[in-house]
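Asks: For reference, the chains in residue letters:
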Amino acid sequence: MKLKIYAAARLLALCGIAAIVALGFAGKKSIVSDAPFETVLSAVTDKVELSTMQKGENQMIRRLYGISPADYAECALYYPTTNMGAEEILLVKLNQGQSADALVAAAEQRVKDQLNVFEGYGAEQVALLSDHVKIEAPGNYFLFIVNAEADAAAAAFYEVL
Amino acid sequence: MSLNSLFFVFLFLPVGWLLQRFVPEKGKNAVLLLLSVAFIAWGSPRDMLLILCSALFNFFTALELSGLQRRGKKKYAAAVFASGVVVNLGLLLFYKYTGFALGIFGAAQAITLPAAPVGISFYTFSALSFLTDVKRGKAHAPKDFIDLGLYLTFFPKFISGPIVTYADFEKELHGRGVDAALIETGVTRFTVGLAKKLVLADSLALTFTSISALPVQSLTVAHAWLGLLTYAFMLYFDFSGYSDMAIGLGNACGFRFAENFNYPYLSVSITDFWRRWHISLGRWFRDYVYIPMGGSRVGRLRTVLNLAVVWVLTGLWHGANWTFLVWGVYHLVLLLLEKFLFGGLKKKLPKAVNIILTFFCAVLGWVPFFSPDLSYAGGFLLRLIGVGGAGVINTDALYQLQSGAVWLALALIGCTPLLKKLGDRLKDKKAFMPVKAVLLLALLALCTAAMISGTYQSFLYAQF
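Chains as they are written, first to last, in this note's numbering: chain U, 1 to 161; chain Y, 1 to 464.
No lab work stands behind these hints, which were simulated from the structure alone. Heads up, the beta-carbon is just placed ideally off N, CA and C, and yes, glycines get one too. Each statement offered as a hint is correct.
Below, a list of computed lysine to aspartate or glutamate pairs in the DMTMM-like style, where the Cα atoms sit at most 20 angstroms apart: (1) U/K2 with Y/D144; (2) U/K93 with Y/D373; (3) Y/K96 with U/D101; (4) Y/K351 with Y/E338; (5) U/K4 with Y/D144; (6) U/K47 with U/D151.
Not everything, but these chain Y residues come out facing chain U in the computed CB check (under 10 angstroms): (7) L65; (8) G67; (9) S212.
Could you build all of it, start to finish, from the sequences and the hints given here?
Replies: Encoded structure:
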């Protein structure tokens with residue numbers, strides 16, 4: 001009798017494992033795009049005013065987000081030209097089968113860090129960081145944007161994928 | 001949650017330790033299990049649920065397996081054991097290797113996979129060793145889920161080991177004595193480990209990340225060697241620091257885990273290196289793969305095959321990438337050369353020469369290990385011997401050398417037993433304890449500063 005209970009409990013636990021694994025796929029509407037990186041980048045940057053931002057090198061990506069650009073297929077960064085700016089764009093193309101979870105976590109952390117920086121004196125920047133942030137990871141592309149035109153840029157991003 | 005975060009060091013750890021310390025003996029394991037579950041859930045509630053379901057599955061599998069064995073139903077027992085292995089390995093393969101396998105067939109983009117739970121490689125190896133030991137009669141199937149749950153999820157070792165067998169863990173599950181000396185050892189060990197990680201490894205990481213950010217074509221010979229050496233020491237202090245912290249936390253809670261590192265860069269051969277580097281992983285492969293296949297007592301050809309299986313698996317265990325496979329095969333080749341060709345010659349060489357030779361062989365192996373792909377690894381190896389690239393040295397390499405030299409020198413001292421020997425020699429002196437306490441506090445202050453400035457990197461081995 002005991003053995004039957006153990007077998008049933010084992011099966012139940014296995015169902016639990018299967019359900020959790022399956023849940024991992026839920027909500028992941030995957031868009032795997034062949035669009036060239038430069039095309040996606042242009043689509044996004046065309047929608048925003050770039051004069052308040054400058055292009056960043058790999059070192060700056062490491063510094064701002066704590067991620068290694070070498071781990072990804074391609075990366076591009078635009079970050080503020082001054083310390084008083086909050087606008088930024090990070091576009092990343094992932095390698096085959098790579099998860100964007102680390103990038104999403106890094107972007108969320110970046111927003112928190114920036115809010116800490118500007119809270120108390122930078123009302124405009126705090127508003128930007130509260131209401132105009134998009135973190136999108138639909139498949140093999142990842143977009144993080146803080147900009148007044150974030151919605152339009154994100155729409156253009158999805159359109160070109 | 002990382003063991004090197006402010007939240008862990010100054011809130012989770014002290015509160016958790018006090019909780020388990022002052023509950024009655026009977027409830028200690030339950031509190032530690034709850035803390036471990038909270039530790040995993042902090043990173044990802046989904047991971048926590050998955051690990052709990054998997055631990056329950058292993059718990060009932062062990063009970064059914066031992067019940068069937070007691071009744072002499074060997075075939076059913078074998079089937080239950082096999083199903084346990086398939087489910088545990090299946091989870092690991094699914095999360096860690098599906099993307100790699102699909103990539104081989106050019107279909108990786110067809111699906112977006114969920115992220116692998118942190119620590120799944122270490123968890124799976126613990127679960128597999130547990131089921132195997134129950135089958136072999138080396139461990140009892142626990143009657144209380146708390147025992148197995150704590151073994152599989154115990155927070156100090158959950159993310160990056162060391163891999164402990166259930167039989168060893170079980171000895172300390174009940175009635176373990178925790179005296180002041182063991183707690184003091186634990187606190188010292190944890191602090192030293194934290195400093196190894198936050199002060200040494202993360203400082204070396206600054207040099208390595210600056211160099212690895214450069215395109216491989218623009219590396220000079222000096223860049224390549226400096227990058228390689230900083231990575232070698234960074235990896236050692238990162239992982240051995242984590243092991244020190246895990247062992248120290250275990251001590252503070254009354255558990256005594258075996259050592260995971262024993263000055264590996266002073267090894268006299270590659271065989272010796274693998275007895276000193278990530279000892280618990282090597283032991284796992286020996287006990288659960290190599291020896292069951294016949295080990296080295298089955299003729300030369302079969303021994304080579306057994307070793308090949310172990311090293312291909314060791315390589316792939318570290319990551320689903322051709323680079324890790326190449327790293328594993330590289331060590332296989334070195335071990336075979338040592339075993340069958342140069343063993344006699346090495347014995348005739350002075351010890352210092354053997355240490356230097358082994359050091360460079362082991363360090364060269366890190367090139368495919370840290371490279372994102374094989375073409376980068378090939379380019380980096382060519383830069384080491386001055387082929388291609390930007391010459392022997394340039395101003396950037398000189399700058400990197402100047403800024404990294406102090407940390408490299410400290411790393412060189414730190415990877416030898418010099419400081420430990422000095423401590424052993426002085427420990428009977430009157431002033432030893434106060435000086436040690438001041439030094440530990442200073443180290444903790446340095447680590448806190450590093451944590452506050454947010455420059456710490458996540459543990460390298462947590463990704464494996």
